[in-house]
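> With chain A fixed as given, assemble chain B with the ligands onto it according to the hints.
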Amino acid sequence: MRYVKPQSFEAAATLLHEEAGIARILAGGTDVLVQLKAEMVEPDLMVDLKHLPGMREIVAEDGGFRVGAAVSGAEMGEHAALKAMWPGVVEGVELIGSSQVQSRATMAGNLCTGSPAGDSVPAMVTAGAVARVQGPDGVRDVPVVDIPTGPGKNSLAKGEFITSILLPARPDTASDAYLRFIPRTEMDIAVSSAAVSLELDSDGVVTAAHVAVGAVAPTVLLVQDAGVALVGSKLDDAAIAGLVAAVEAACNPITDKRGTIEFRTKTAGVLAKRAAHIAYARAGGQA
Amino acid sequence: MKTIPVETTINGDSAEFLCHADESLLDVLRDRLGLTGAKEGCGTGDCGACSVMLNGRVVCSCLVLGVEAQGAEVETIEGMANGEELHPLQRIFLEEAALQCGVCTPGILVAAKALLEKNPDPTDTELRYWLAGNLCRCTGYDKIIKAVQTAAAEMRSA
Ligand SMILES: Cc1cc2nc3c(=O)[nH]c(=O)nc-3n(C[C@H](O)[C@H](O)[C@H](O)COP(=O)(O)OP(=O)(O)OC[C@H]3O[C@@H](n4cnc5c(N)ncnc54)[C@H](O)[C@@H]3O)c2cc1C
Ligand code: FES
Ligand code: FES
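Protein sequences appear in the order of chains A and B. The first sequence lines up with residues 531 to 817 when you count with the numbering used here. The second sequence lines up with residues 91 to 248 when you count with the numbering used here.
Read the hints as simulated data drawn from the structure, not as lab findings. Keep in mind the model is a prediction, meaning the values are calculated, not measured. Don't take each hint at face value.
[Stated by the list, open to error] Using 25 Å as the maximum straight-line C-alpha spacing, the simulated DSS-like pairs for lysine-lysine come out as follows:
1. A:Lys-567 x A:Lys-683
2. A:Lys-567 x B:Lys-92
3. A:Lys-535 x A:Lys-567
4. B:Lys-92 x A:Lys-535
5. A:Lys-688 x A:Lys-535
6. A:Lys-688 x A:Lys-580
7. B:Lys-208 x B:Lys-233
8. B:Lys-92 x A:Lys-580
9. A:Lys-613 x B:Lys-208
10. B:Lys-236 x B:Lys-208
11. A:Lys-567 x A:Lys-580
12. A:Lys-683 x A:Lys-787
With the rest of the complex left out, here is chain A (with noise of 0.2 Å):
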């Protein structure tokens, strides 16, 4: 294996087109070392662009905020005002493994790594958090629902790679939320996750809704319907028993040790519920 750090993107897009063996990205390792280690995947080049310009940086833009590829979950999680925009979002980054992981691993990392169960993912997809992918031919924004394809997959072609993610500008009366099923206190893997984010008017009512569902399909699901169905109420059972329904009509997930079709169909709609009512009150609505 060889291990670079490229002077520019664009020398590291270049590198990263020619080789011909496997490369790798090592933004916080904490997925790349693991296969690594276990002999899943050996690259032949590693490619760590954690020196480059922004991609240590949290950078206030156009009332949002972009989010360098290389931030930990650590320091989205000291970065008081991001986490004042987008809670849902960071909360899902800290959920990330323990301290130590929290050290090192990336949102960009957790949404190219490609596991249908990574916690960042669903909160950025109703974010509408936009990643910015450098490649042999140039810059690209790829919203961040469009990057997982699969286990294990995504869309970028050979060359990209995400040098920061754009989380937008949102009104005051707007939140999120995301919230995961596992069967200890911390250090697990989601058995079902689900994102909420709201954005409401002066009177409380749901104006606009996006709510996505993780570990239940083989990539996180952005589920239209079930934001649809929040929009114009204020959280009624109604509204609450539409999401449910949407939710569960798009779950495709598989049976593994960690839950069973079932189980992972129902408990996305039980947490897609919860978090749709954290974000509500954190939008300071009052139903």
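Same frame as chain A, but now just chain B with the ligands:
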């Protein structure tokens, strides 16, 4: 595979070593630098026995490449005592017998110190969550939590 020269700072002293690209910082510390305080429990980030500080944050050194230490500040359990004088956490772990086999202890001490520097007065719940990535097969954790709280109280009054 050829080796790569790395210049770093370990426990405040500059250090140089050669390592392979795929070698973990844990293997470098233990096998190349003779710093065997950090232990390998799992090698996959689950147990925390290999905890060290990297640029002021607690990490699993089994999930850091040795080459990533280039230009970084590394602190290990070997740097925790001040000469012959044990750090309060170390002394109280001994006084209160917060260990049995001791394999988890260096990692727990490094992680606990990192928490107390951020939060000198944690609740038991905060402490248990913070140490969730440090597994102990022997003590059942209660003695560890009590010892860290005793040390925290002493450090606050110092
Ligand atoms: C003990 C432990 C507990 C864990 N607990 C959880 C958990 O609770 N929830 C959870 O979701 N995950 C968990 N994980 C998995 C892992 O920590 C997360 O997926 C983490 O977010 C990965 O980020 P990273 O920066 O460490 O990625 P890395 O390991 O550095 O990279 C992961 C993958 O993404 C690619 N990649 C990284 N950065 C980029 C980029 N900028 N552009 C393109 N590709 C990139 C790499 O090539 C690699 O394939 C855990 C891992 C461990 C070891
Ligand atoms: S040896 Fe590093 S976490 Fe277990
Ligand atoms: S004292 Fe033996 S593992 Fe903790």
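> All hints are to be evaluated individually against the structure, with a verdict given for each.
A quick look at each hint next to the structure:
Pair hint Lys-567 of chain A plus Lys-683 of chain A holds up; C-alpha atoms about 20 Å apart against a cutoff of 25 Å. With a CA separation close to 19 Å, the supplied pair Lys-567 of chain A and Lys-92 of chain B stays within the 25 Å bound. Taking the CA atoms of Lys-535 of chain A and Lys-567 of chain A, the gap is near 21 Å; set against the 25 Å cutoff, the hint holds. About 17 Å separates the Cα atoms of Lys-92 of chain B and Lys-535 of chain A, which keeps this hinted pair within 25 Å; it holds.
For the proposed pair Lys-688 of chain A and Lys-535 of chain A, the alpha carbon gap of about 18 Å is at most 25 Å, so the pair holds. Between Lys-688 of chain A and Lys-580 of chain A the alpha-carbon distance is near 19 Å, which keeps this suggested pair within the 25 Å criterion. With a C-alpha separation of about 22 Å, the suggested pair Lys-208 of chain B and Lys-233 of chain B falls inside the 25 Å cut-off, and the hint holds. Between Lys-92 of chain B and Lys-580 of chain A the alpha-carbon distance is near 23 Å, which keeps this suggested pair within the 25 Å criterion.
For the hint linking Lys-613 of chain A to Lys-208 of chain B, the alpha-carbon distance of about 18 Å falls within 25 Å, and the restraint holds. For the suggested pair Lys-236 of chain B and Lys-208 of chain B, the alpha carbons sit about 19 Å apart, so the restraint of at most 25 Å is met. Of the pairs offered as hints, the one joining Lys-567 of chain A and Lys-580 of chain A holds, with about 21 Å between alpha carbons and a cut-off of 25 Å not exceeded. Between Lys-683 of chain A and Lys-787 of chain A the alpha-carbon distance is near 22 Å, which keeps this suggested pair within the 25 Å criterion.
Comparing the model with each earlier hint shows no violations; every hint is respected.
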